[in-house]
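Enquirer: The listed protein sequences derive, respectively, from chains A, B, C and D.
Using the numbering used here, read the first sequence as starting at 1 and increasing by one per residue.
Using the numbering used here, read the second sequence as starting at 1 and increasing by one per residue.
Using the numbering used here, read the third sequence as starting at 1 and increasing by one per residue.
Using the numbering used here, read the fourth sequence as starting at 1 and increasing by one per residue.
Simulated from the structure, these hints should not be mistaken for laboratory data.
Among these hints, one or two may not hold up.
Identical copies go unnamed one by one, so any copy, or any two together, can satisfy a pair.
Stated by the list, open to error - Straight-line alpha carbon distances no greater than 20 angstroms define the calculated SDA-like cross-link-like pairs of lysine to any residue that follow:
hint, residue 1, residue 2
1, 44, 231
2, 229, 158
3, 273, 230
4, 46, 376
5, 229, 186
6, 336, 53
7, 376, 15
Protein chains: 4
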Amino acid sequence: MKKIRMGMIGGGIGAFIGDAHRRASRICNDYELVGGVFDVDYEKSKLFAQNESISSDRCYVSVEALIKAESALPADKRMEVVSIVTPNALHFSFAKSLLGAGFNVVCEKPMTMTVKEAEELEKLVAEKKLTFALTHTYTGYPMIRQMKDLIAKGTLGTIQRIDAQYYQGWINSIIHGTGTRITGVWRLDPKHAGASSCMGDIGVHAFNLIEYTTGLEVKEVLSDLNPVKEGIELDLDGTVLLRFSKNLKGVIRASQVCGGEENNLTIAVYGSKASLKWAQEDPNFLYLLSDNEPTKIFKPAHGYNDQFAEASHTMPSGHPEGIYEALANIYKGAAKSIRGIEFTPGEFPTVHDGVRGMKFIHSVVDSNKAGNTWVKV
Amino acid sequence: MKKIRMGMIGGGIGAFIGDAHRRASRICNDYELVGGVFDVDYEKSKLFAQNESISSDRCYVSVEALIKAESALPADKRMEVVSIVTPNALHFSFAKSLLGAGFNVVCEKPMTMTVKEAEELEKLVAEKKLTFALTHTYTGYPMIRQMKDLIAKGTLGTIQRIDAQYYQGWINSIIHGTGTRITGVWRLDPKHAGASSCMGDIGVHAFNLIEYTTGLEVKEVLSDLNPVKEGIELDLDGTVLLRFSKNLKGVIRASQVCGGEENNLTIAVYGSKASLKWAQEDPNFLYLLSDNEPTKIFKPAHGYNDQFAEASHTMPSGHPEGIYEALANIYKGAAKSIRGIEFTPGEFPTVHDGVRGMKFIHSVVDSNKAGNTWVKV
Amino acid sequence: MKKIRMGMIGGGIGAFIGDAHRRASRICNDYELVGGVFDVDYEKSKLFAQNESISSDRCYVSVEALIKAESALPADKRMEVVSIVTPNALHFSFAKSLLGAGFNVVCEKPMTMTVKEAEELEKLVAEKKLTFALTHTYTGYPMIRQMKDLIAKGTLGTIQRIDAQYYQGWINSIIHGTGTRITGVWRLDPKHAGASSCMGDIGVHAFNLIEYTTGLEVKEVLSDLNPVKEGIELDLDGTVLLRFSKNLKGVIRASQVCGGEENNLTIAVYGSKASLKWAQEDPNFLYLLSDNEPTKIFKPAHGYNDQFAEASHTMPSGHPEGIYEALANIYKGAAKSIRGIEFTPGEFPTVHDGVRGMKFIHSVVDSNKAGNTWVKV
Amino acid sequence: MKKIRMGMIGGGIGAFIGDAHRRASRICNDYELVGGVFDVDYEKSKLFAQNESISSDRCYVSVEALIKAESALPADKRMEVVSIVTPNALHFSFAKSLLGAGFNVVCEKPMTMTVKEAEELEKLVAEKKLTFALTHTYTGYPMIRQMKDLIAKGTLGTIQRIDAQYYQGWINSIIHGTGTRITGVWRLDPKHAGASSCMGDIGVHAFNLIEYTTGLEVKEVLSDLNPVKEGIELDLDGTVLLRFSKNLKGVIRASQVCGGEENNLTIAVYGSKASLKWAQEDPNFLYLLSDNEPTKIFKPAHGYNDQFAEASHTMPSGHPEGIYEALANIYKGAAKSIRGIEFTPGEFPTVHDGVRGMKFIHSVVDSNKAGNTWVKV
């Protein structure tokens, strides 16, 4: 099958997340990186292009230039999709321009800085009938997809409690290092990071996994956020109470100051008949608990899994796939959509997931500011 | 060493918790059960005494009768301590009478039904200079004691977040069985269970472990409780936000409707330098996390542990001890106190822990009633 | 129920294993320790008796004296069972004398020093129709009993491979300490430890668990033993190939020099339809694997377990019981036998298990001496 | 950097292992697949080439044709390396031809069918000064590399015992299916699989990991192999005793009939000072045990790891990488060698590892045939 011609905004030399996106696109083997704006510094951008054997003609000085030049190319040469892996504050304007010009978009999260921007993108995607994939990477794990399927099938009965956690410790070394470093870290600066650090960066992943796996919507939140240290303006830690319906509540716990925690994202969904638990650091193990039967461990590459989960893992059972394969699964889903091939709902997070995420972040911040009161999402 | 003469209120034939207390007292080998009021039905009580080879003379018809008769015995025959393992609503009046008459007391939790009662007992214990041990059993685990010690030593630096969980699923089968069973279960009936089901029964254990291991006091709580099902009056599930000081927050999550969860009590304390995690179902593993070193697994019976932890485990390393040994450790600590032997603070939970627990339960219930607002503990 | 009058040989002040036996007997609550020969030093023995509130009359100077005096007592005062917890070399003669005089016996392992002795005891037990319980403690774990039951039921299909491991590291610190300590440790001295250190002390436990859980007999062994260091005469480490039948083979691996291993005893039984795995350091988890279904985790206190396993655990699910409760289960089984109450086969290891163990140890040693050849068990 | 021009022999449509190699080559991003002989059926081969957008000119009818045509190309167009992912029996002749013609080779394991062939390749590689990478994939895991480094540094002291396991269950469903399927499976047929099924396919991986991580050579083996079922000619299960030196022994256990086991490869190396344990299904966790300190868990992406391990993982800590990344690490190492860039010894398994593997397999088979006697490797 012919590769999809992909461009990239950001992700030049030394950019970790751009490298991850390119790896993912190569793993799924549906894309060919043909050009982009890899760095704000055009010289660095060209150097990157050269290293990657990308034609210097298609290494552009700006997104504007890219759009102009690529739009002028014949349809069978033109970029079909553009991946946006820039700092957060730039996602919206680039996505808007690219969608406006008819390009499909893959976008790193957070999708935008405000709910309004998010909704504008959602409208644009609908109008333009384009593919927009948001890389909430964890939805690409086979066992998360199996979890989604088991819940959809009704395996859990009535859901009674939902508990998700995202604990990291990496900001610890920054805030307890020299004082001068605090202001130097962009994530701690509201101007660059937006309204929230912890909830905006990682809490939203927990939120997304909840809505993704259960198919439910969080209706209201009550949050208690913690800057942890004097002089920090944003939340580095917090707890969010969730309400889904009258008798269904839940909680999201997230922190960037849990020293020694690496990337400890977990989700547990408890139902009247059974429960499901999953942890990102052991992504190939899904636990199904019930009161009357032994706990069952679901793993990838087994006939007992749903088709969607099975199609998200290529190795035989017992050969662990990881985070890159999860991201590749999302790229694979986006490729199907771009190509007009049938795909499974949930195969890639959409612009709507982006809108939900922005609503979550802002309602959480509002609740905290209002003195820990309930706020509609 | 001569055994301490112990009486027991409740715990007759078929009573699970009384059996556990007796086992614990036999494991530590400091006690001899000499009499009691084992059942409200005197005939059943006598049958139990006979089965246990307890003299029928000391099988009493009531606590009043026990106090009267035992008080009349010479000091070297008289009961020295009485264990109260009756339904919750009776703890207070029995404890008050026994303490008033000069008996040391071991009491199951919850200590009382109200804060006022709890404070009254605390005053009484102080006045009478008696030993009062509350069986918050989990504080008897060696690795919980090691955790307490590591925190006291400053291993964690400044504590930044505290997260405790107590998830069970056993009420699920009751509320989703026949409708008639709901009212039949005393735990779901406010008249018998008190102000709270989930928080009163298990949330308070999580609370106790937090204060026990960290030496900190929870200052304020904001709770969101969930009866889960129409027609249930008490909480079967809930989340409690905790505040310790300006920048130290935490959370307790507890539920009795997490289907398939057995007795999933966990505690995690995160500090600026390191963190500690423990789970009750694998009680002999304590995890010390830090950003710059490999995670360390502490286990009992090793020279690297503190003396207190080491003295709380008798087998060589790798021979798992369990919940009965934890309870026996508490009985062992109470025995030292009764005998006037020096003991380590924390060797058994005291009446003050009981006061704290009642304050926690009632502030949590109040916060929920008041629409999820902050309430002082 | 009246307590069984128990005596004890060995197990005085400072003796770890005697303490464990007494705890176990108190946990199951079927026994009363009425006397014994607690120490070769009579003064120490009396001191121990005094500490334990045992009548000095029944603190004897020798096993001979005990037998004479107790035999002279009326049947309703006489000791009914005697626990032997002396050094290994004394087990046989004491057991023989006690059985000969009509006392039931609980005996620590290894039962004897030679196969001949073991067979002599077996004959004696049969003749005298007495209870003889050998404390292969690990058979007392609920999940080992559940494993036995699942296998007996045919859950695994045809057994195809058996693999047991017993790894410890404690001898490391001895052999790598000062050279003089080597000869000082009795376990390394053939005169006191018998023909084998590692296989005799721990390998035999792995062997016992295999025969216990599967109901199969090991027919032949081929061993490769390792003294690990110059100057050591006995095996501290080794591997034993096992043959059960033409196409059923297995392996036992045991070592006392696996630094950092505590008491890492595991057993895995693989069948044509399913497999079972268990590890002593997490004794309340039993894993059932099969090719076509998710792995299942069996835990105690669930309706899905067999009656025998269920009766071996008293706490509700999720309240971990440990090694003392396992030993107490064996004492409980022996009590039933002594009282003539019906019991489940396997409720306590018998003299026949002792014979099998001695045959295993000696055939393993013989195989190694003969240059790693097959030897009949 | 310019991509290395890669060819492939085998690995066409539906070939799992060829797909894995191509993914790995794309992940590390050092290679470009330019042509090959993808299938014995030339039409299918061309179809595959078309799907992969490979020029039909370079889709060859045979290895001979490939060598001839590619050799005729100018140096800057010519294939630089060829990956051999054909059935086992073809590895040797293709590798020999390609090396003879001056092509670097990546080869799936087993490298050859006989020791003689393996040695011939080793000689050829040395003469030709070419890169030959054998894809013992598990050596590409970061924590295996960390293990190698910790051992090389002397962290373990004197090694005292080595224990590796490779348990799978997948052949179970074949041998217990219909009788006719047995002969149909090529792995069970000596003509196609060679002298061994279980040891040749998976036991050799365990062997390789032992020699890779410890830097030691197995000197002698004594094996007991098991065809498990009547009518099977090859081993599906077995145990191999290992001797490294007078007092250093070990064991490899491997099976293809451990029902429910997926890909359970483990290695444990026990030393006088400390020990290391690793399991393939949780590849990002490495356990360092010692008698006097808490067990330590090493994970990737931490400053405490060696440079080699760190360079083998690209994501931040807590983002699990898996088997594809392990294989990509080997491709990455081979690329450095092909490009003449400095690389770390062990960055890819060499032809010498292939020779060792063949010697292991054949000595194991010989030992079993000779009645389980010691055979030199």
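Enquirer: Go through the copies and call it for residue 229 and residue 186: within, between, both or neither, with a Cα cutoff of 20 angstroms.
Expert: This pair counts as within: shortest intra-copy Cα distance 16 angstroms, inter-copy 46 angstroms.
Enquirer: Pop the pair residue 44 and residue 231 into one bin, within, between, both or neither, using alpha-carbon distances up to 20 angstroms.
Expert: neither (35 angstroms within a copy, 66 angstroms between copies)
Enquirer: Can you give me the call for residue 229 and residue 158, within, between, both or neither, at a CA distance of at most 20 angstroms?
Expert: between (41 angstroms within a copy, 11 angstroms between copies)
Enquirer: One pair to classify: residue 376 and residue 15, alpha carbons no more than 20 angstroms apart. Within, between, both, or neither?
Expert: So residue 376 and residue 15 fail the 20 angstroms test inside a copy (36 angstroms) and across (48 angstroms) alike.
Enquirer: For the identical chains here, do residue 273 and residue 230 meet the 20 angstroms Cα criterion within one copy, between copies, both, or neither?
Expert: For residue 273 and residue 230, only the inter-copy Cα distance (17 angstroms) is at most 20 angstroms; the intra-copy one is 46 angstroms.
Enquirer: Reference check for the pair residue 46 and residue 376, CA-CA at most 20 angstroms: within, between, both, or neither?
Expert: neither (47 angstroms within a copy, 58 angstroms between copies)
Enquirer: Evaluate residue 336 and residue 53 at a C-alpha cut-off of 20 angstroms and name the case that applies: within, between, both or neither.
Expert: Between copies only: 18 angstroms across, 26 angstroms inside.
Of the numbered hints stated above, those contradicted by the structure are hints 1, 4 and 7, listed in ascending order.
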